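Let the sequences and hints guide you as you build the complete structure.
So the sequences go chain by chain: A and B.
For the first sequence, numbering that gives the first Met the number 0 begins at 0 and goes up steadily by one.
For the second sequence, numbering that gives the first Met the number 0 begins at 0 and goes up steadily by one.
Hints were generated in silico from the structure; no laboratory data involved.
It is possible that part of the hints are untrue.
[What the hints assert, rightly or not] Label pairs and their in silico Cβ distance ranges:
#: 1; chain 1: A; residue 1: Val13; chain 2: B; residue 2: Val111; range: 27 to 37 Å
#: 2; chain 1: B; residue 1: Thr108; chain 2: A; residue 2: His16; range: 47 to 57 Å
#: 3; chain 1: B; residue 1: Gln181; chain 2: A; residue 2: Asp84; range: 53 to 63 Å
#: 4; chain 1: B; residue 1: Ala156; chain 2: A; residue 2: Val13; range: 22 to 32 Å
#: 5; chain 1: B; residue 1: Gly151; chain 2: A; residue 2: Arg69; range: 43 to 53 Å
#: 6; chain 1: B; residue 1: Thr108; chain 2: A; residue 2: Arg54; range: 21 to 31 Å
Small disclaimer: the values here were computed from a predicted structure and weren't measured.
Yeah, the Cβ is synthetic: ideal placement off N, Cα and C, and Gly gets one too.
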Amino acid sequence: MKPLAFRLQKVRKVFEHFTLQDVDLELPRGSIMGFVGPNGAGKSTTMHILLGLLRADSGQVELVGHDIPREQVAAKRQIGFVSEDMRLYGSATVGWHIRFVRSLYPSWDDAYAAELVRRFELLPEQKVKQLSRGQRVKAALLLALARRPALLVLDEPTTGLDPVVRQEVLKEMLAALDLQGSSIFFSSHNTQDVEQISDLITFIHRGEILESDDKESFLDRWRRLSVELEPGTELDLPEACSWTERSGRHGVLLAERFSDGVVPALTCQGAVVHEVQRMTLEEIFLTRVSGSSERRPS
Amino acid sequence: MNLETVSKLVAKDWHLHRRVILLTVAGVTLAFALVFAPGGGARSIGFTLAPAMLISVIFYLPLSSVLGERDGKTITFLMGLPITPSEYVASKIFGNLLIFLLPWLAVVTAIVLLPEGRAHAVLATGFVPVVLVGFVLAFSFVLGFALITESGGWTVALIVGLLLLTSNVAGELVPDTPAVRQAIRSIAERGSAFYATLAVEVLLIALILASTFAAQARKKHFL
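See below:
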């Protein structure tokens, strides 16, 4: 069994209007997990608990082999954390930030930091308040990467970035993984980013983990089927299939666990299956979230 | 608690507030230059400017250094680093106290070095050390309050309350009895009440800072 970058077991946190519900999640070392959920789903809360910034009401957290929050300092020496709502000191320069963070990390790599400064086109003497949004994210990423972390925890790092900078940031995250064998735990509500770089995908909604699996399984399992059938015909749907649209003779079925037996099971009941399409991660996510919302009493 | 980490965090705060440190020390120096300058007007400005500089630091530092970390979202950056809550709190207490003590020590040094004369006579009374240590007490109180409440609104309310209490209101609250008059005279003449008041102030400073540290360092998380 692969060693784990982190493990959350039955982690629960209750706020006045939100509850993180018994989260079980683990990430093998060397993997990238995309953590997908709408705003307010519990992504940041989960990450803050993982890093010891928030304390769970119950459950256990293990981060790079350390118990959290008890051993958070030892754990955080091996962690790079960048968050969308994190700010650097506006009145200080990029160079000052580099020196400050370097002083706290024995593993700091000066040559790599200098290389990132060049690649990100940052000026060490430039004050953070003079940087654009994209440059600030790059500066924060530089500070996280040059410490050579075993795990990168990135909370919505690409939010608000233009497509060019977003691609640069994603490319650098992947480069870091190749270079040093880091793991990445990466939250986003941008499913395109997640689909592009993740090995594993976890959906979270209203504080609850809906599903966690490897990306290929997700994409392989889900299919959209265009079906034609005689008006008034009721189909005995195969397991984990549901109508998403139906009007007159035509309808669209979603299959959550598509297999070779689904199409024959429909055609033998008189239905004509015109098309079987793979779904994008965004479509799968929206289907899962809407399904979860419908099951939940309002 | 790792003292090396605390010292790095203190150095960080000193770097980020270096302009304020320089400005307040320059302000205090200017104040005492005015005290020595010929003419009553300049001397009056000097006597007002020195405490004004200390009061401005009491206002500025807790709001900027403590509450600013939270409001500016830099605390998320800081707490992602290998730092414990107790190291963070210790750095905020020591770092800010040291910053405050710099202009404060400039005031004390200027008073000690004052040549004989009218200004010297005024400053040589027992009230001045009591008021000066009172500034440190007020700063410690505001700093501890800001660290514990993490609220800009309440901290400003406390500062305004302290300003009211130590200005005209104090005079109205203290009863005019022979015992009080005797105590005030004893403070002015550096009698036993003077030393007792100083001891109480120092004790309160230690108590406030220690209890702030104890309360905040027990926290297991930052956000």
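Against the structure, the hints:
Against the hinted window of 27 to 37 Å, the Cβ-Cβ separation of Val13/A and Val111/B comes to about 57 Å, which falls outside the hint. A beta carbon spacing of about 55 Å between Thr108/B and His16/A agrees with the range 47 to 57 Å that was offered as a hint. For the pair Gln181/B and Asp84/A, the supplied restraint of 53 to 63 Å holds, since their beta-carbon distance comes to about 59 Å. Between Ala156/B and Val13/A the beta carbons are some 31 Å apart, a value that agrees with the proposed interval 22 to 32 Å.
At roughly 32 Å, the beta-carbon separation of Gly151/B and Arg69/A lies outside the given 43 to 53 Å, and the hint is violated. Between Thr108/B and Arg54/A the CB atoms are about 46 Å apart, so this pair departs from the stated range of 21 to 31 Å.
Of the hints listed earlier, those the structure fails to meet are numbers 1, 5 and 6, in rising order.
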